[in-house]
Amino acid sequence: MAHQAHAYHMVDPSPWPLTGAVAALLMTSGLAIWFHYNSIVLMTLGTVLLLLTMYQWWRDIVREGTFQGHHTPPVQKGLRYGMILFITSEVFFFLGFFWAFYHSSLAPTPELGGCWPPTGITTLDPFEVPLLNTAVLLASGVTVTWAHHSIMEGERKQAIQSLTLTILLGFYFTFLQGMEYYEAPFTIADGVYGSTFFVATGFHGLHVIIGSTFLAVCLLRQIQYHFTSEHHFGFEAAAWYWHFVDVVWLFLYISIYWWGS
Amino acid sequence: MAALGRLTQALLRSSLTQNRRQLSAAAAGHGEQAAKTWKILSFVVALPGVAVCMLNMYLKEQSHTHEQPEFVPYSHLRIRSKRFPWGDGSKSLFHNPHVNALPDGYEGHDE
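From first to last, the protein sequence lines are chains A and B. Be aware that the first sequence starts at 1, since it is given in our numbering, and climbs by one per residue. Be aware that the second sequence starts at 1001, since it is given in our numbering, and climbs by one per residue.
Just chain A, with the same shape it has in the complex (with noise of 0.2 Å):
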């Protein structure tokens, strides 16, 4: 039988990578073909080929790192330091976010009537739903500690019933803002402002649903006994990204519909 002398994961060959790639590819040149040529079959091709590449690779991983033992201390660790980089290149992406609806709004254009927000613009009360919608994700920031410590002190059950608060959490907020979509009286068309709001604010929306996503393979896998209180580090990686939401969601708040309105 084989051994390696090291504590390293030396992976096997995947093709889950070139799939991926192939899935950018296509999903990316499948927007234009809808926008220039009204067919969405390759983007749909690619959206599957995408799911499909996601769903297998992080099934091999699950498979590596809980049934074969691979992340041992010195594997995990560069795991962390990987979805913290990702993290952080996430906080700059929706950095230009910021910067774009900062520029727009500090120094209002005479087209838009020299002031913020816009002539004509009717914005949403800061203090209705958008201050739900915080309390909503603040408190999901609780649920989900007390989830991290009941997995931590191997607390079962209570780790199931905070996972799925969060997660219900989570889901309340996707819909509550959905309403808002529906129930605001500015578009994406209407000028800067709703290119800023709708941009900034829907590619966070996108970001909950990713994280519920994430959090919700975490419940599964808690059911399913994968998780030791010692090493969770699927769920700590979930953790992370769900408080990177909320974060991001409190300068959005801050920013845009407090100060902006």
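Hint data in this document are derived by calculation from the structure and do not stem from the laboratory. Just to be clear, a hint being listed does not mean it is correct.
[As the list claims (entries may be wrong)] Lysine-lysine pairs mimicking DSSO-like chemistry, simulated, CA-CA at most 30 Å apart:
hint, chain 1, residue 1, chain 2, residue 2
1, A, Lys77, A, Lys157
2, B, Lys1036, A, Lys157
3, A, Lys77, B, Lys1082
[Unchecked claim] Far from chain B, some chain A residues (derived; all Cβ distances over 12 Å):
hint, residue
4, Ala5
5, Trp16
6, Leu25
7, Phe35
8, Thr53
9, Phe92
10, Ser150
11, Ala159
12, Thr166
13, Gly178
14, Val192
15, Gln224
16, Ala237
[Claimed, not checked] Examples of chain B residues toward chain A, derived with CB under 10 Å:
hint, residue
17, Lys1060
18, Gln1062
19, His1095
We put the CB at the ideal spot given by N, CA and C, even for glycine.
Starting from the known structure of chain A, arrange chain B on it as the hints suggest.
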């Protein structure tokens, strides 16, 4: 009122953290109490905070008029340089005919 609820939520959280730190100085096994602490925070602070905001919403909703905002054909709003890639290309993704006017005005009205 709702803002007060949130402020209280934040303050309570930080003061409870203080208590936990003091407890840990005295007792050795503070780590075992953490799940219980966060469970209490969840049900006594976090979820009631959400409930307060929900109540605030309900009360504010009652005093709303649901009137249609006035339509003024500003050229810097309702931009249609390129059609949307769905439907007839004139309606946004979350189009609400009651509050979202098209470039010529609200639908179904003779302007």
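Here is how each hint holds up against the structure:
Of the supplied pair hints, the one linking lysine 77 (chain A) and lysine 157 (chain A) holds, its CA atoms being roughly 28 Å apart against a limit of 30 Å. Of the pairs offered as hints, the one joining lysine 1036 (chain B) and lysine 157 (chain A) holds, with about 13 Å between alpha carbons and a cut-off of 30 Å not exceeded. Under the criterion of a C-alpha separation no larger than 30 Å, the hint pairing lysine 77 (chain A) with lysine 1082 (chain B) is inconsistent with the structure, at around 48 Å. Distance check on alanine 5 (chain A): its Cβ is at least 36 Å (rounded) from any Cβ of chain B, clearing the 12 Å threshold; non-interface status holds.
The Cβ of tryptophan 16 (chain A) sits about 30 Å from the closest Cβ of chain B, beyond the 12 Å cut-off, so the non-interface label holds. The non-interface label for leucine 25 (chain A) is consistent with chain B: the shortest C-beta to C-beta separation is roughly 20 Å, beyond 12 Å. Chain B draws phenylalanine 35 (chain A) into its interface by the beta-carbon criterion, the shortest separation being 5 Å against a cut-off of 12 Å. Here threonine 53 (chain A) stays apart from chain B, with its beta-carbon at least about 25 Å from theirs, past the 12 Å limit.
With a cut of 12 Å on Cβ distances, phenylalanine 92 (chain A) stays outside the contact zone with chain B, its closest approach being about 26 Å. Serine 150 (chain A), annotated as away from the interface, has a beta carbon of chain B within 12 Å; the closest lies near 5 Å. The Cβ of alanine 159 (chain A) does not lie farther than 12 Å from every Cβ of chain B; its closest approach is about 8 Å, which violates its non-interface assignment. Not every C-beta of chain B lies more than 12 Å from that of threonine 166 (chain A), the closest at about 9 Å, which undercuts listing it as non-interface.
Annotated as non-interface, glycine 178 (chain A) brings its C-beta within 12 Å of a C-beta of chain B; the closest such distance is 8 Å. For valine 192 (chain A), the non-interface assignment is contradicted: its Cβ lies about 8 Å from the closest Cβ of chain B, within the 12 Å cut-off. For glutamine 224 (chain A), the requirement that its beta carbon stay farther than 12 Å from each beta carbon of chain B is met, with the minimum near 21 Å. Non-interface call for alanine 237 (chain A) relative to chain B: holds, since the shortest CB-CB distance, roughly 19 Å, exceeds 12 Å.
Because the smallest distance between the Cβ of lysine 1060 (chain B) and any Cβ of chain A comes to about 6 Å, under 10 Å, the interface hint for this residue holds. Interface restraint check: glutamine 1062 (chain B) against chain A, minimum CB-CB distance 12 Å, threshold 10 Å, status violated. Nearest Cβ of chain A to the Cβ of histidine 1095 (chain B): about 7 Å, under the 10 Å cut. The hint holds.
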